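J.: Using the hints, position chains B and C against chain A.
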Amino acid sequence: MNQMVTNEQSKQVNDSVLGLFWAVLKRDLMLAYRRKSDLFNPLIFFLMVATLFPLGVSPEPEFLAEVAPGVVWVAALLATLLSMDSLFRSDFEDGTLEQTLLSPQPLFIIVLAKVLAHWMMSGLPLTILAPLLGVMLFLPSEGMGGLMLSLLLGTPTLSLIGAIGAALTVGLRKGGVLISLLVLPLYIPVLIFGTSAVQAAVTGLPLAGFFALLGAMLALGVVMAPLAIGAALRISVSG
Amino acid sequence: MSEKKNWMPRWFYQLASPRWSYNIMGKLLPGFAICAALLLIGGTIWALMFAPEDYQQGNSFRIIYIHVPSAILAQSCYMLMAVAGAIGLIWKMKVADMVAKSCAPIGASIAVLALATGAIWGKPTWGSWWVWDARLTSMLILLFLYLGVIALHSAIENEATAAQSSAVLSLVGLVNIPIIKYSVEWWNTLHQPATFTLTERPAMPAEMWVPLLVMVIGFYCMFAVSLMMRTRNEILYRERRASWVRELLEKQ
Amino acid sequence: MSTALLQVNDLFCERDERILFEGLCFSVTAGEVVQIEGQNGSGKTTLLRILSGLSNNFEGEILWQDEPVEEVKEQFRSELLYFGHHPGVKAVLTPEENLKWYAAMHPSISVGDIYSALEKVGLQGYEDVPCHNLSAGQNRRVSLARLYLSKAKLWILDEPFTAIDKKGVAQKENLILEHARAGGSVILTTHHELTLGEQIRRLNLDELAGT
Chain A
367 MNQMVTNEQS KQVNDSVLGL FWAVLKRDLM LAYRRKSDLF NPLIFFLMVA
417 TLFPLGVSPE PEFLAEVAPG VVWVAALLAT LLSMDSLFRS DFEDGTLEQT
467 LLSPQPLFII VLAKVLAHWM MSGLPLTILA PLLGVMLFLP SEGMGGLMLS
517 LLLGTPTLSL IGAIGAALTV GLRKGGVLIS LLVLPLYIPV LIFGTSAVQA
567 AVTGLPLAGF FALLGAMLAL GVVMAPLAIG AALRISVSG
Chain B
10 MSEKKNWMPR WFYQLASPRW SYNIMGKLLP GFAICAALLL IGGTIWALMF
60 APEDYQQGNS FRIIYIHVPS AILAQSCYML MAVAGAIGLI WKMKVADMVA
110 KSCAPIGASI AVLALATGAI WGKPTWGSWW VWDARLTSML ILLFLYLGVI
160 ALHSAIENEA TAAQSSAVLS LVGLVNIPII KYSVEWWNTL HQPATFTLTE
210 RPAMPAEMWV PLLVMVIGFY CMFAVSLMMR TRNEILYRER RASWVRELLE
260 KQ
Chain C
1243 MSTALLQVND LFCERDERIL FEGLCFSVTA GEVVQIEGQN GSGKTTLLRI
1293 LSGLSNNFEG EILWQDEPVE EVKEQFRSEL LYFGHHPGVK AVLTPEENLK
1343 WYAAMHPSIS VGDIYSALEK VGLQGYEDVP CHNLSAGQNR RVSLARLYLS
1393 KAKLWILDEP FTAIDKKGVA QKENLILEHA RAGGSVILTT HHELTLGEQI
1443 RRLNLDELAG T
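Residue numbers (the working numbering), protein chains in the order written: chain A, 367 to 605; chain B, 10 to 261; chain C, 1243 to 1453.
This is chain A alone, in the form it adopts within the complex (with noise of 0.2 Å):
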């Protein structure tokens, strides 16, 4: 009788848990949609960057197959880091940062909502996106997929990574600078291991351990980075 009690009792609290993380997602989403403007310009700048290159360097087709995966992944990356700042900064001016850490409700959950919703404004168009500037940069056919599954697996770690800096530097005017300075540093291992993987996939060798690298940061991020993301809101709020 009590073990179906307090099975009940935690299948409440599951539900609950899960209707808090729709609705933060769902909101979050919501706010995005409605301001359309934001969410291609992390879009934009993935384009004009990997369109640098050439430009820059050199539009030689073979040299730009061999550099594609990683500039590629730069500009993933510096596209993700671009759009981080506002991860939390318009709640935090209007209040409604003060209102979530005052609830009850799990904080852990509540950011790994928010940051879910980031990614799917962010990473996941990035990743759909890249097929493109990898024809632009003349990647090889066969290192699409690899590339592809990379970003979808290495985005949201980066997604998690930024959304630190974002918390530690929201109650900051200047926040978009330092957030590089701080988050950066910390992309490198993503950096490596996407790029790698994309190589890999050209050269047709194994991917299978890339992307099992790439997932256990992953799983490392989601369970570590809400934590780190929750203490600096809560100092940044503070402050």
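Calculated from the structure, these hints are not laboratory results. Mixed in with the good hints, there may be bad ones.
[Claimed, not checked] Straight-line Cα separation of at most 20 Å, SDA-like style, residue types lysine to any residue; simulated pairs:
#1 Lys392(A) with Glu1339(C)
#2 Lys1315(C) with Lys540(A)
#3 Lys190(B) with Gly581(A)
#4 Lys392(A) with Cys1255(C)
#5 Lys402(A) with Val1334(C)
#6 Lys101(B) with Lys1342(C)
#7 Lys1342(C) with Lys1393(C)
#8 Lys1315(C) with Leu98(B)
#9 Lys101(B) with Gly1302(C)
#10 Lys1315(C) with Pro472(A)
#11 Lys402(A) with His1374(C)
#12 Lys402(A) with Pro1372(C)
#13 Lys402(A) with Gly1302(C)
#14 Lys101(B) with Glu1259(C)
#15 Lys1342(C) with Lys540(A)
#16 Lys392(A) with Pro1372(C)
#17 Lys392(A) with Lys1315(C)
#18 Lys402(A) with Ala1333(C)
#19 Lys101(B) with Glu1264(C)
#20 Lys1342(C) with Leu391(A)
#21 Lys392(A) with Thr1336(C)
#22 Lys540(A) with Ser163(B)
#23 Lys101(B) with Phe1254(C)
#24 Lys540(A) with Ile159(B)
#25 Lys1342(C) with Asp460(A)
#26 Lys101(B) with Pro1349(C)
#27 Lys540(A) with Asn167(B)
#28 Lys1315(C) with Gly596(A)
#29 Lys190(B) with Lys402(A)
#30 Lys1315(C) with Ser469(A)
#31 Lys540(A) with Glu168(B)
#32 Lys1409(C) with Ala1359(C)
#33 Lys101(B) with Cys1255(C)
#34 Lys1342(C) with Ser382(A)
If you're wondering where the values come from, they're calculated on a predicted model, not measured in any experiment.
T.: Only chains B and C this time, still in chain A's reference frame:
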């Protein structure tokens, strides 16, 4: 709260008092300073004059007597900074915050020293000032992490908030350092297979590594000295309105 | 005498090298309305932020129903309604969506009450208008609608009457009185002359700071 208070030995809680910390550091300082001076001077003379020449690199290898200690120290300093930051976060201990704040610039300059000596060593060894060697690259990233912490700390005006934010950032960095190190090492083997590495050399003879050990300990002592001096300064500055600081200043 | 809902012991806070308060002690019992007074910059807002748990830059002890507040955080937060300088209203969302989100943050609130709450603050007909199309006062009222929804015991209100018209103020004062009579407590700051009379206790930070 009450369980928390019994976790740690008594001196740990005394550390929470800026005044007590100031005094104890003042007592420890001369000892460490003498040790640092003796070890560094002795180690340098030993290393430069008596340690044997390297059979491959000749005399140029002697720069490891600065490079290796500074590289080791730069990493330990980051760990100390993160741990002190964590203590400051958990126990709201001001002195720990001040230690963490003092660690950042010292660690950054030691990382710069490690990079500079690495570059100087690279010239005769590899023929160029900079090579994307795994250890040098990791050290460069470590320097970036330090710079990030310093930038964040100086961007936040409120001291307490700045300390807490930097503590969170350095803890995130601490979790990431092993991942960064591993990934950079792996990336390095992928791109430059098996050039000979600088530090992990097969079986260094005792005449070579004993002076190195002396230098490492000397560096640690010197670090302790500069850390305590910085922290004492920080304590005086932050507590400048406390009566004991005023008395102290009036005495001088 | 009932036990204190909120008890503050020996609170110390400094900001920008200035001690805002030192050795501040007071308690708030159920059914009490406490008005924090003081000049501009005396730390009224800071105090309210500390009490609500938003700011942790203080030394001292805050007890919620005789337990340190940091040990019963979740319970405390579910019993707290905080109304700050920023209304906590998203401009691109409608009043209804804003309150629905607030209900998601506070599970004790039932979504069905949202319409009647909006009606009570005089926003019927505006449920579906994005808040950036509403006036400043209307935005404040969206936020004040939370007072009708909330089941929290402790209300912390920082300047709740800014940009609200006279009729609205009288209505809110009644609401505060009702809340106190039902056993709730209110801590507030306001530049308004309150007509609450004797039910209110005043706490002057200028006098307490002793400087």
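J.: Against this structure, judge whether each hint is valid.
T.: Status of each hint after checking the structure:
no. : hint                       : verdict
1   : Lys392(A) with Glu1339(C)  : 11 Å, holds
2   : Lys1315(C) with Lys540(A)  : 32 Å, violated
3   : Lys190(B) with Gly581(A)   : 18 Å, holds
4   : Lys392(A) with Cys1255(C)  : 39 Å, violated
5   : Lys402(A) with Val1334(C)  : 12 Å, holds
6   : Lys101(B) with Lys1342(C)  : 37 Å, violated
7   : Lys1342(C) with Lys1393(C) : 15 Å, holds
8   : Lys1315(C) with Leu98(B)   : 17 Å, holds
9   : Lys101(B) with Gly1302(C)  : 12 Å, holds
10  : Lys1315(C) with Pro472(A)  : 11 Å, holds
11  : Lys402(A) with His1374(C)  : 16 Å, holds
12  : Lys402(A) with Pro1372(C)  : 15 Å, holds
13  : Lys402(A) with Gly1302(C)  : 47 Å, violated
14  : Lys101(B) with Glu1259(C)  : 19 Å, holds
15  : Lys1342(C) with Lys540(A)  : 32 Å, violated
16  : Lys392(A) with Pro1372(C)  : 17 Å, holds
17  : Lys392(A) with Lys1315(C)  : 27 Å, violated
18  : Lys402(A) with Ala1333(C)  : 15 Å, holds
19  : Lys101(B) with Glu1264(C)  : 18 Å, holds
20  : Lys1342(C) with Leu391(A)  : 13 Å, holds
21  : Lys392(A) with Thr1336(C)  : 14 Å, holds
22  : Lys540(A) with Ser163(B)   : 12 Å, holds
23  : Lys101(B) with Phe1254(C)  : 14 Å, holds
24  : Lys540(A) with Ile159(B)   : 15 Å, holds
25  : Lys1342(C) with Asp460(A)  : 17 Å, holds
26  : Lys101(B) with Pro1349(C)  : 32 Å, violated
27  : Lys540(A) with Asn167(B)   : 16 Å, holds
28  : Lys1315(C) with Gly596(A)  : 15 Å, holds
29  : Lys190(B) with Lys402(A)   : 40 Å, violated
30  : Lys1315(C) with Ser469(A)  : 10 Å, holds
31  : Lys540(A) with Glu168(B)   : 18 Å, holds
32  : Lys1409(C) with Ala1359(C) : 17 Å, holds
33  : Lys101(B) with Cys1255(C)  : 14 Å, holds
34  : Lys1342(C) with Ser382(A)  : 15 Å, holds
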